[in-house]
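Peer 1: As they're listed, the protein sequences go chains F and E. Quick note: the first sequence uses our numbering, first residue 2, plus one each step. Quick note: the second sequence uses our numbering, first residue 175, plus one each step.
The set of hints was computed from the structure by calculation and includes no laboratory data. Even for Gly, the Cβ is constructed at its ideal location relative to N, Cα and C. Honestly, I wouldn't trust all of these hints.
Below, in silico cross-link-like pairs of lysine-lysine (DSS-like), each with a Cα-Cα straight-line distance of 30 Å or less [to be verified]: (1) F:K730 / E:K393; (2) F:K570 / F:K603; (3) E:K300 / F:K730.
One side only, chain F facing chain E, incomplete, derived with CB under 10 Å [as the list claims (entries may be wrong)]: (4) A705; (5) R709; (6) E710; (7) R714; (8) L717; (9) G718; (10) G720; (11) G721; (12) D723; (13) G737; (14) L738; (15) A741; (16) I742; (17) T792.
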Amino acid sequence: MRSLLGDMRYGFRLLRKRPAFSLIAVLALALGIGANTAIFSVVDAVLLRPLPYADSGRLVALWERSPQLEDGSVAYLNFLDWKAQSRVFESLAARQGANFNLTGQEEPERLNGANVSAEFFPLLGVQPLLGRVFRADEDRAGAKKVAVISYGLWQRRFHGDEGILGRAIDLDGAPFTVIGVLPAKFRDPAYAERVDVYAAIGRDADRLQNRGNHPGIYVVGRLKPGETLAQARAEMDLIAQRLERQYPATNSGRRVAVQLLQDRLVRDLRTALLVVLAAVGFVLLIGCANVANLLLARAAERQPEIALRAALGAGRWQLFRQLLAESLVLALAGGACGLLLGWWGMRGLLAVAPEDLPRFSEAAMNLRVLGFTLGLSLATGLVFGSVPAWQSAWGSLHDVLKESGRRVSGDLRRNRIRGLLVVGEVALSLVLLIGAGLMLRSFARVLAASPGFRAERVLTLQIDLPGTKYQKPDQWIQFFQQVLGRTRNLPGVLSAATILPVPVGGFGWQTGMRIEGREYPTPHDSDLTDIAYVTPDYFQTMGIPLRRGRVFTEQDREGALPVAVIDEKLARTYFPDADPMGKRLAIGGKNWQIVGVVGHVKNYGVDQESRVETYLPFYQSPRPAMSLVVRTTMDPAQLAGPIRGEVRQVDPNQAVSDVRTMERLVADSVAPKRISALLLGIFAAIAVLLAAVGLYGVISYTVAQRTREIGIRMALGAGGGDVLAMVVKQALALGGLGMAIGLGGAALLTRAMKGLLFGISAVDPLTFAAVPAALALVVLAACYLPARRATRIDPVTALRYE
Amino acid sequence: MDNGDQALIRLQGVTKVFVTDEVETHALSGIQLQIQKGEYLSIAGPSGCGKSTLLAILGLLDTPTDGTYTLNGRPVSGLKLSERARIRNREIGFIFQAFNLIGDLTVYENVELPLTYRGMPSAERKRRVQESLERVGMSHRMKHYPSQLSGGQQQRVAVARALAGDPLILLADEPTGNLDSANGEAVMNLLKDLHRNGATICMVTHDPRYARFADRTIKLFDGRIVEESVESAVTN
Ligand SMILES: Nc1ncnc2c1ncn2[C@@H]1O[C@H](COP(=O)(O)OP(=O)(O)O)[C@@H](O)[C@H]1O
Ligand SMILES: [Mg+2]
Chain F
2 MRSLLGDMRY GFRLLRKRPA FSLIAVLALA LGIGANTAIF SVVDAVLLRP
52 LPYADSGRLV ALWERSPQLE DGSVAYLNFL DWKAQSRVFE SLAARQGANF
102 NLTGQEEPER LNGANVSAEF FPLLGVQPLL GRVFRADEDR AGAKKVAVIS
152 YGLWQRRFHG DEGILGRAID LDGAPFTVIG VLPAKFRDPA YAERVDVYAA
202 IGRDADRLQN RGNHPGIYVV GRLKPGETLA QARAEMDLIA QRLERQYPAT
252 NSGRRVAVQL LQDRLVRDLR TALLVVLAAV GFVLLIGCAN VANLLLARAA
302 ERQPEIALRA ALGAGRWQLF RQLLAESLVL ALAGGACGLL LGWWGMRGLL
352 AVAPEDLPRF SEAAMNLRVL GFTLGLSLAT GLVFGSVPAW QSAWGSLHDV
402 LKESGRRVSG DLRRNRIRGL LVVGEVALSL VLLIGAGLML RSFARVLAAS
452 PGFRAERVLT LQIDLPGTKY QKPDQWIQFF QQVLGRTRNL PGVLSAATIL
502 PVPVGGFGWQ TGMRIEGREY PTPHDSDLTD IAYVTPDYFQ TMGIPLRRGR
552 VFTEQDREGA LPVAVIDEKL ARTYFPDADP MGKRLAIGGK NWQIVGVVGH
602 VKNYGVDQES RVETYLPFYQ SPRPAMSLVV RTTMDPAQLA GPIRGEVRQV
652 DPNQAVSDVR TMERLVADSV APKRISALLL GIFAAIAVLL AAVGLYGVIS
702 YTVAQRTREI GIRMALGAGG GDVLAMVVKQ ALALGGLGMA IGLGGAALLT
752 RAMKGLLFGI SAVDPLTFAA VPAALALVVL AACYLPARRA TRIDPVTALR
802 YE
Chain E
175 MDNGDQALIR LQGVTKVFVT DEVETHALSG IQLQIQKGEY LSIAGPSGCG
225 KSTLLAILGL LDTPTDGTYT LNGRPVSGLK LSERARIRNR EIGFIFQAFN
275 LIGDLTVYEN VELPLTYRGM PSAERKRRVQ ESLERVGMSH RMKHYPSQLS
325 GGQQQRVAVA RALAGDPLIL LADEPTGNLD SANGEAVMNL LKDLHRNGAT
375 ICMVTHDPRY ARFADRTIKL FDGRIVEESV ESAVTN
């Protein structure tokens, strides 16, 4: 009795003797396994691998939710109350994204940073590489300013000098003492960007005393062992209701959302990844069906050999094992090539993915992925190998020996299996094609959809003035006026303006407003609007159309009547019948008179929900941090250098950051859709190709098998057209059945994609009609060659062989 | 030769050369042959002498390398493939040694097959299929599959299929070659009956016992007609 290894060695020898067969089979498998490996490496990194924190399954994200606002940040005072009142958490920590200008070194640099509460690092279980993290007494108003820096910053700017501890660095013009350096592998839980510097949030507590103010704070919690998400939600609900009663002016309708940190990070990426993972699963199944078909054809050829082995005393199990061993050899060869393809595919995927997709960059060919690929290869071998092997080993050997050469019953059974496999392939590829069709159509809608402004040839960049150096609003106005004036004089610049926050930049600001003439149930109620601060040229620079009234002018400044411009959505929503012009909005304790209505802007990306929008004049409501938007006559990226130069002319220590074109910003905002459309498109193409090859193989095989029958039919007067029709009919019958099943499957499965689609339904009729029509053409193309071969059969030769 | 104008089939100087691996096989050389309407011709000769090749040419399955072939007064050498298929379908009925029924089709469907290629309406087809199955005594087996029939029965179905289209001529290539003598005899009697009722038959056989059923026998040797004999008194 030979060992499995021996069987595999024999199998390898057989495969080497049939290079064409082996090559096609290995290629089909490699495509399937490679696609799965690449996608799994990403799924593993994003969905499966736990976050890199101690016992990360107990980490949760908390934020505020209200009827108007699904995803609101947390008021500092609310955070303090949550911390004091909750029992389910071991601890809660606040984190507020912040930027710091690092000066006092050679080159000013704007750093991504965060203000965090003292609990932050202990909660994540992070030990500093050097020094220590924040103490509770440093997380208080008026405390000495201290900072914890990243390993990257330490290496980059301080050359890994351990003497950095206890030294002061200039952040926003103020000295912060460095007390710790984080380990190289530390990742901030917001994940979006590299975070280089942390400061204690409590040092600014004096400025965070307004409970109605939600300054971008998000809360991380660690559940006590044994406490569940449901318990946390119930408790936070109670606390929120208590706070609502206590502070109706600021907290009415406010609840707390609690979600596992990992789920919160991944958000809509999960659906996209799972859809793509299903897609590559389909590709692999189609590849398996192809190889199973090839093996069935070979099994038919080898039937006499197998019958002979059986006659010589080989047991059925022995035969089965030997045939299966050959499949495993194929599968492992496919797996090895697939691993290469997968690695290459993963690199390609990372190259096209925008940087801020959470955890994407952690994708790697680690042991888990290797194990996945190995397991997948073995499972694949079993799946496609066992049917033909079973068929051969348990088929009627008696018939074969008796009527060798003549048609045997096994042929019919095999043909039926082959037909079914192709039906399955067509069905799966139709589902994939429809999925891809929906994604592509949806993405085309996304691309065609206007964000509400003209993004082409607009450059944007961010300037944060440090509060220590620029303390007074007049200084802010002066600074930005100077920069704008100089920028406008640059060759190639059409106009320039500032705004905060820049649309499609990844975040927005909302504020409560009370509209004159509108009834509110209590004095504390208000409506919510997006808010932005702009200079007069903003609308013209961005190409946002003016619908009524006027935009801001240089005269709308401090001391003049406070004015506001609203968007058409606000006008429609709150002034359906009335004229909004001249009406007043109460925002931040001031009344702003509406002087104009402009077009609506999709602030959060063209494919996202957007809110009503209010613009206030920068000059009446100045800010120290603004985004520049510059419309140019040339490639806007070329102006980045000159504009930086002008900023340095105004203040050599002032850093500039987030230099991007608006087009880039718009494109990045739809990156998950673009990537899933791209991937689904690629995988559907592979699937259709494989299915076409499979169909071609089966039709060719049956034409070869039916040569004699076709000869008879020709002798009886069948013309070329009759023979062609016969072959095409068979292909269309298989393809049609496959497509019918595929249509049903697609109608069920595309529902899972609903969240990824934009502007079309998951059962979009055009896609569901056009894609099968296209696939029918592929079916015809796949059977064209064998059909033509059938018409060229020479009846004399076909009938001669008796 | 003298009444060649009325001949159903006329071959003049027909030659067939096969070239395989640079070896030329002269399967037929300078065949002169006429078959009259209503005639029963038998072709005899040793294996490999060109009988099947001759029949294939007569049946328009193959084309001669040289020479002319006139069928029913019409030269057929220059015809298009589709025309040849049409003639095979309407004017020629084939009977093979290996029966050549299609295993996936029932007896009824096998007989119907040539009629479907004419686009004949189904009622008419049904009538013809039943009629010809009755003529060969197989109408009780219409729903059977070929594998459920004996060899003799299968060959009778094959004859019915050849008849169904009402052809000008029946071409039979060793129709008894795969049958035992009893069944072979039965099929030969069937052909004889058909001939009596007016059918033109050209049959290949190398069994001298069956040659006597025909009006006329030609002998082929090495691609040439070497002997021609007319059966006269024997059949009586
Ligand atoms: N398609 C072909 N290619 C090459 N040689 C052929 C072909 N068909 C027939 N032959 C040759 O032609 C000769 C006559 O064959 P055939 O007509 O089948 O003889 P018969 O039917 O009398 O036994 C044989 O030598 C045969 O080998
Ligand atoms: Mg022969």
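Peer 1: None of the hints should be skipped; say for each whether it holds.
Peer 2: Structure-based check of each hint:
1. For the suggested pair K730 of chain F and K393 of chain E, the alpha carbons sit about 45 Å apart, so the restraint of at most 30 Å is broken.
2. Taking the CA atoms of K570 of chain F and K603 of chain F, the gap is about 11 Å. The hint holds against a cut of 30 Å.
3. The suggested pairing of K300 of chain E with K730 of chain F holds, with an alpha-carbon distance near 24 Å, which does not exceed 30 Å.
4. With 10 Å as the threshold, the beta carbon of A705 of chain F stays out of range of chain E, its nearest partner Cβ sitting at about 16 Å, so the hint is violated.
5. Of the supplied interface hints, the one on R709 of chain F holds, with its beta-carbon coming within about 8 Å of a beta-carbon of chain E, less than 10 Å.
6. A cut of 10 Å between beta carbons decides the hint on E710 of chain F: the least distance to chain E is about 5 Å, and the hint holds.
7. Restraint check, R714 of chain F versus chain E: the minimum CB separation of about 7 Å is within 10 Å; hint holds.
8. With a cut of 10 Å, the hint placing L717 of chain F at the interface with chain E holds, because the nearest CB-to-CB distance is about 4 Å.
9. The criterion of a C-beta within 10 Å of any C-beta in chain E is met by G718 of chain F, whose closest approach is roughly 2 Å, and the hint holds.
10. For G720 of chain F, the shortest C-beta to C-beta distance to chain E is roughly 4 Å, which falls under 10 Å, so the interface hint holds.
11. Residue-level restraint check for G721 of chain F holds (minimum Cβ-Cβ distance to chain E is 6 Å; threshold 10 Å).
12. With its C-beta approaching chain E no nearer than about 6 Å, D723 of chain F sits inside the 10 Å limit, and its interface hint holds.
13. Interface restraint check for G737 of chain F: the shortest CB-CB distance to chain E comes to about 20 Å, outside 10 Å, so the restraint is violated.
14. Checking L738 of chain F against chain E by beta carbon gives a least distance of about 18 Å; that is not within 10 Å, so the hint is violated.
15. Annotation: A741 of chain F was flagged as interfacial toward chain E, and the flag is violated, the nearest CB pair being 23 Å apart, outside 10 Å.
16. The beta carbon of I742 of chain F is not positioned within 10 Å of any beta carbon in chain E (closest approach about 24 Å), and the interface hint is therefore violated.
17. Taking 10 Å as the C-beta cut-off, the interface hint given for T792 of chain F holds, the closest approach to chain E being about 9 Å.
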